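Undergrad: Take a look at the letters that make up each chain.
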Amino acid sequence: MRCFQMPPQVFRVVLLIFAIGVSYLVARTLLTPASFHEYGFYRGAALAEHTTRHEPVFAGKLACGVRHPDVLKTLAKGGHKNLSCEACHGVVSPQHLTDPTSNMDKPSGAICLRCHEASPSRPAGFRQIVVKDHYAEKCIECHLPHEPNEVP
Amino acid sequence: MVATVGGVLAGLLALPAARALKKKFSTSPAPSGYDASKHKWLMCLDVDKCIGCGLCADACKTENHVPEASHFFRTWIERYIIKKPAPATAAARGEVLVDSPNGGRGGFPPALVPRADILKSFFVPKLCNLCEASPCTQVCPVGATFDTPDGAVLVDPSYCIGCGFCIQACPYGCRFLSPVTRTAEKCTLCYHRITRGLLPACVEVCPTQARVFGDLKNPLADDPLQAFVQENKVNTLKPHLGTNPRVLYANLDKEVR
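Quick note, the sequences are listed as chains C and G, same order. Its first residue numbered 3, the first sequence is counted upward by one per residue in the numbering used here. Its first residue numbered 39, the second sequence is counted upward by one per residue in the numbering used here.
By construction, these hints were calculated from the structure, which means they are not laboratory data. One should not assume that every hint holds.
Said to hold, decoys possible - Cut-off 20 Å, straight-line C-alpha distance, at most; resulting in silico cross-link-like pairs (DMTMM-like, lysine to aspartate or glutamate):
hint : chain 1 : residue 1 : chain 2 : residue 2
1    : G       : K121      : G       : D86
2    : G       : K255      : G       : D73
3    : G       : K121      : G       : D291
4    : G       : K99       : C       : E57
5    : G       : K76       : G       : D253
6    : C       : K79       : C       : E149
7    : G       : K158      : C       : E119
8    : G       : K78       : G       : D260
9    : G       : K76       : C       : E40
10   : C       : K63       : G       : D261
11   : C       : K83       : G       : D86
12   : C       : K83       : G       : D260
13   : G       : K78       : C       : E40
14   : G       : K78       : G       : D253
15   : C       : K63       : G       : D260
16   : G       : K76       : C       : E51
17   : G       : K78       : C       : E51
18   : G       : K87       : C       : E119
19   : C       : K83       : G       : D261
20   : G       : K292      : G       : E116
To be verified - Here's a subset of chain G near chain C, in silico, CB distances under 10 Å, partners left out:
hint : residue
21   : A149
22   : F161
23   : F184
24   : C228
25   : T233
This one's a predicted model, so the numbers in the text were calculated from it and none came from an experiment. Note that CB positions come from ideal geometry on N, CA and C, so glycine has one too.
Extracted from the complex, chain G is given alone in its bound form (with noise of 0.2 Å):
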């Protein structure tokens, strides 16, 4: 009786918190007063920091419904194992091997080289790099691929009209035709998060930090992506391209493509 007395009363007195946290976190429709052109979001990527469990890619797909199938990815990682050099030869490193099953969801399967073998081996996450000069928004022919004002670059999935071009365009492979809305797809920084103040997915769960997300024009300038940008030495994906990506890797290899 005084158990049941007690746990009406607990949950009468957590209906009030409860709501309050169901407004905070699910605002709808549009989070008001977000102002596109006070912001500029980046995420940027720590090799040495990424251990491979994968958290970030399951954590993708639900948190933006992407298609289950094994070839639709928001986010993945890759796993590299550059392999030790033939004995004979004057090379510093062997052969490099890159893998990514199941974009790495669920985390790796132990690797089919024999630890002996193995030079070095490291895990890159990878989404999209938010190039300046991005090269799916130039070949676009409806304009549904734009850069948005604080950092994004989205789609519009009521004009694509799912020619492919943009997927074709991205170097890096950060686009997919979703077989749902028969549009373009990519890494939007979780465009629905950011606006009301929430982390990208990928960034809420990993668990090392792998992953620095923050605002350029963070006026209190307390941003970890600041911190991250000062203290690493750090690179982008393809630089000869020319696509300028924003995305910094830190401790990036070589061989990363």
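Chain C extracted, bound-state conformation (with noise of 0.2 Å):
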């Protein structure tokens, strides 16, 4: 009695089909990122990318209040005490960082009237002048930006 013996035909699809399935894990293996399964369905190691992606450019308050604690004080007694140095005077500039003679610009009355000019989609309680009205754009004449309350 014969035993059972594959066709030929038979055996050579299921060759094909397996090296497929061989060649398909390799290539899987291979082309996959180390860290793609890590969190989820993308790659672990895009997280720490993102973190050295750039430098940060603004500062912050806290990097100002080291080298300047005294106008951060008088600035905290004052309707500006939730204001950061950077809203107005601008990014610090490396230079400003690293060399303290090199002063940051002095804002103008612009930058006060961003927040301050009257509209009526600003919300009514917050602190509005028409300056047709009021005097001029030179706020700096008779206000002190780092302490407002202080009217004169």
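Put the two chains together into one complex; each comes in its own frame, and the hints tell you how they fit.
TA: Printed below as a string of structure tokens:
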């Protein structure tokens, strides 16, 4: 009695499917980045890459406070206590960080009006002025930006 | 002479301080000791506090090197103007006008609607809504966009093929195809800043605390976010879409989309 023998054409198809399966697994292993399933269906290493993609540009209020604690103390007493230095003075320049004699720009009245010019869209409780009824764009002639509650 | 010596002395004294500063605030490479599983960042917004100064939109472009053109934004401000209803109708409110000239950068020009016709008007800051069921993540064919364990939704620029599916999928219009990198870009919650212990740039410069940023896993429970959620009645944008945005808005009008 002859035992069952796989016909050669079936054997070839099985071999082909097996070869495809193996090459798929090999390719998958080689092409998937090491950290791909670390957190989910993405490269886990991308998280660390995002942290170093840029250097921070804005130094933050805490950084300014290291060298200007007196200004922050004055600021904390008045209505501008929640304001960040860089909101009005602009981004701290690398020169200013390394060379204390290179001053930051003094902001003009235009920056005051960016927040305080009257607009029907602003919350009603927020202090606003109509420039032409008030004085001019020369706010700091009378007001101290660091202690706005001290009205002359 | 005395002034020069004084200056040199001051300079010498300042050097270590400056070096310490640089070390603290521009740590490179990756900030060590940051564990993504120990944080859950979130930003919330208070519509009643936004004054439309546009400092956040400006700061975001500077901080993240977003292309200058006026249609690339990671965060922006919209101005809503709700007109008074026409006299003979039973409607409580009239036409709703929304504008966002240059994303609100540099502040808003005066509204074209006369003040007498305005029923009410307000500003709404917009950013990535950090959806729990984020459509952008679901449609990405290559796994380039993902929800991180610490609450951000990021794009892996080395994997993104720039197909733009995610840009179409985002119902809040928070993504754009960068002409520089040719990949999708969006708000990263300033991931490079928050992992270093700094605030996102828009939160840093916001003069009225309309933007509240915090860590839901903060063990100290002194987080501004917890106070915000306790004290305000909050809502999300487009809740009917089932995207479950994590970003909460306080004092949100029903017209805001």
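Undergrad: Enumerate the violated hints, using their earlier numbering and listing them in ascending order.
TA: none
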